[in-house]
Amino acid sequence: MADVERPFPPGDYDVVVVGSGPGGLQTSYWLRRFGVRHAVLSSDDAPAGMFRRFPVFQRLITWTKPDAPVDRTTREYEWFDHNSLLADEKELKALVPTFMDRAFDLPSRAEMEAGIAAFAERAQLEVRYRCTWESTRHDGEGVVLVTSDGEYSCRAAVFAIGVTEPWRPEVPGIEAASHYVDTNAPERYAGRSVFIVGKRNSGFEVAQGLLPWARSMVLGSPRSVQTDALALSALRVRYLHPYDEYARGGPGTYVLDVTIERIERRGDGFHVVTRGMTWDGTLEFDVDEVIAATGFQTPLRDLPSLGLATVNDGRIPALTPFWESVSLPRVYFAGNTSAGARGLGKRGAGASSTSVNGFRYNARVLAQHIAETLFGREREQPALADPVGFLLHELSAAPELLVQKGYLCRVVVASGGAVADGGIVPLAHFLDAGGEDAIAATVEVDERGGIQPTVYVRRGGDVTEHVLPPHPLHRYEGEPYRRELAAVLSPVL
Amino acid sequence: MRTSTRAVRYKRAVNIGESLGQLALFADMTPAQIEAMVHEHDEDVFAEGQRVLRRGLSGGSFYLILEGDAAVVVDGEERRRLGRGEFFGEISALTGDAPTADVVALTMLRCFVIPASQLERFLLDRPPVMLRLLRAEARRLQTAGEWQT
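Residue numbers (the working numbering), protein chains in the order written: chain A, 1 to 493; chain B, 1 to 149.
These are computed hints drawn from the structure, not numbers from a lab. For every residue, glycine included, the Cβ atom is placed at its ideal position computed from N, Cα and C. Be a bit skeptical, because a hint or two may be false.
Residues of chain A clear of chain B, computed beta-carbon distances all greater than 12 Å [as the list claims (entries may be wrong)]:
#: 1; residue: D149
#: 2; residue: G250
#: 3; residue: D288
#: 4; residue: S396
#: 5; residue: G406
#: 6; residue: R482
Cβ-to-Cβ under 8 Å is the rule here; a few derived chain A residues that face chain B [unchecked claim]:
#: 7; residue: P222
#: 8; residue: R223
#: 9; residue: V225
#: 10; residue: T259
#: 11; residue: T320
#: 12; residue: K346
#: 13; residue: D432
#: 14; residue: G434
#: 15; residue: V463
#: 16; residue: E465
So that you can see chain A by itself, here it is in the shape it has in the complex (with noise of 0.2 Å):
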């Protein structure tokens, strides 16, 4: 092989960034951005390999609409666009929909693909392909990562290794089980009754994949179905059929609240015991096939033994606003697993930092925040005329603020008469990190799904929480709106 012609060989890096995914790509063009010298590793030998795999049944659960209100080369397009990746050009914006067959709002994963890919090679992005991290160490104030290439020492290491690791719960016996991974030929299940353990994203599409090749189908696991919150979530663009024929009471598919007690090799299938969460009592099925649609977990090899801190049975790493690891400082996170950092936790549905319409906007945040924590890159503050007027705007139209709810925030910055905009930050950053005068922007949700456009005021390192009226438009752009916003301001502009 002709290395010399493979970019990043092993050596000193400011940062390296380990992934070619969406999350490792928009990462890397961030920290391009923000002019942080950088290199980008990934075992795979294309970018966007996650998309030449999942999700098995074909096609994405986030939406991309080709034409929209707005422009495709605005900022306010993302919000119709959840699954392109971010640029400042023009040429690199909003790819996904250039490819899409409009056969659906949801983009196939080939069109995802091509999306991710032509934005890898338009914007001239580097991977060192075929370079597999090995294992990690701590080196004083930096990062060495052992390759199959060799050793790579950086100031801070930007993981952006995706959640797509088959994951099962201790159940004996589900290691005879299929995963959710080893299902992506349905036909297959073509007249099979079929246990699938688990009833969330993977379980209930692979259950939906299956639906019109399976003769019977059972999805078992603790969780109940809480269709409020399905009403709101991702999934119910598509997979709730099942869910819809076991709610409407007749045979043949069943979606269960069980404990999974064991699986059995039974003859040529297996013999599932499950135990009632709601009721008591055991059920027990005789089934041909049982896959496990358990989850993933984070391939987070070596980081562990390292004292890396997880959630979700050690499936996740734990982290901070900035998502840099609770208990391994200058190691970071971005994409799918920059889930990790739960955000304030408050009342309704939160940020979207397990897909693309998310995780994009917390790579660019994460890359501004090391090019100015790490190697002292300056904010840019462009002044502000109206700072009433953009705020409101903000809370209406900004892509960050409408899809990272409750997570990411727009900052207005007053300090000695000047108004400035600070930028988007982590919410929980503003709250506490204190410093001077400014505003925070942000969009929640009440419990019951309403949209709440929110604005926190620091004054004196006091902050004070200001929920604004519901409009139901979500325009919050007129003269009542106006009014209230500038009284609640008054004290700090």
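Chain A is already provided as a structure; the job is to place chain B on it using the hints.
Frame of chain A; chain B shown alone:
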């Protein structure tokens, strides 16, 4: 990243159920009841120095400490220290009012978290837990009374 079913790990890094079962608040609960609880709710981990509960700001949840220490802070002054098995956030979660103190992680802090909107149902479904929580509140009130006299 390429994934491999061979890489499946069966061992849980942190067995939250076991951890919960050892706490006084959940004494006498069966393993099945503990498991149900674990499936319905999540844990969260905070870095040393991170604020968990914010005085005067709405929202917040009920937090039960599984690992680590936290401080109850009012006006920059530490009023009380909380450790494993102790909890916070229940008053604002139950009344709907904003917390009257900050709670800050003194070490890395791992908590079992029940969102405010689900705490009432959680307690109504588990009367013995509700009783223990009430006792703990009574003791806190008693201590607060002693301080004042």
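Structure-based check of each hint:
Distance check for A:D149 against chain B: the nearest CB is about 16 Å away, which clears 12 Å, and the non-interface claim stands. The claim that A:G250 lies off the interface holds: its Cβ sits roughly 27 Å from the closest Cβ of chain B, which is beyond the 12 Å cut-off. For A:D288, the requirement that its beta carbon stay farther than 12 Å from each beta carbon of chain B is met, with the minimum near 20 Å. Against the 12 Å criterion, A:S396 stays outside the reach of chain B, whose nearest CB is about 22 Å from its own CB.
Distance to chain B contradicts A:G406 as a non-interface residue, since its nearest Cβ pair spans about 8 Å, not more than 12 Å. Residue placement check: A:R482 keeps its beta carbon more than 12 Å from all beta carbons of chain B (closest about 24 Å). The beta carbon of A:P222 is positioned within 8 Å of a beta carbon in chain B (closest approach about 4 Å), and the interface hint is therefore held. Given the 8 Å rule on beta carbons, the hint for A:R223 holds: about 5 Å separates it from the nearest Cβ of chain B.
At about 12 Å, the closest approach between the beta carbon of A:V225 and any beta carbon in chain B exceeds 8 Å, and the interface hint on this residue is violated. Among the interface hints, the one on A:T259 holds; its C-beta lies about 6 Å from the nearest C-beta in chain B, closer than the 8 Å criterion. Residue-level restraint check for A:T320 holds (minimum Cβ-Cβ distance to chain B is 5 Å; threshold 8 Å). The closest approach between the C-beta of A:K346 and any C-beta of chain B is roughly 3 Å, which is under the 8 Å cut-off, so the hint is satisfied.
Interface hint at A:D432: satisfied, since its Cβ lies 5 Å from the closest Cβ of chain B, which is below the 8 Å cut-off. About 11 Å separates the beta-carbon of A:G434 from the nearest beta-carbon of chain B, more than 8 Å, and the hint is not met. The beta carbon of A:V463 comes within 7 Å of a beta carbon in chain B, closer than 8 Å, and the hint placing it at the interface holds. Given hint, A:E465 at the interface with chain B, holds; its Cβ is 5 Å from that chain's nearest Cβ, closer than 8 Å.
When each numbered hint is compared with the structure, violations occur for hints 5, 9 and 14.
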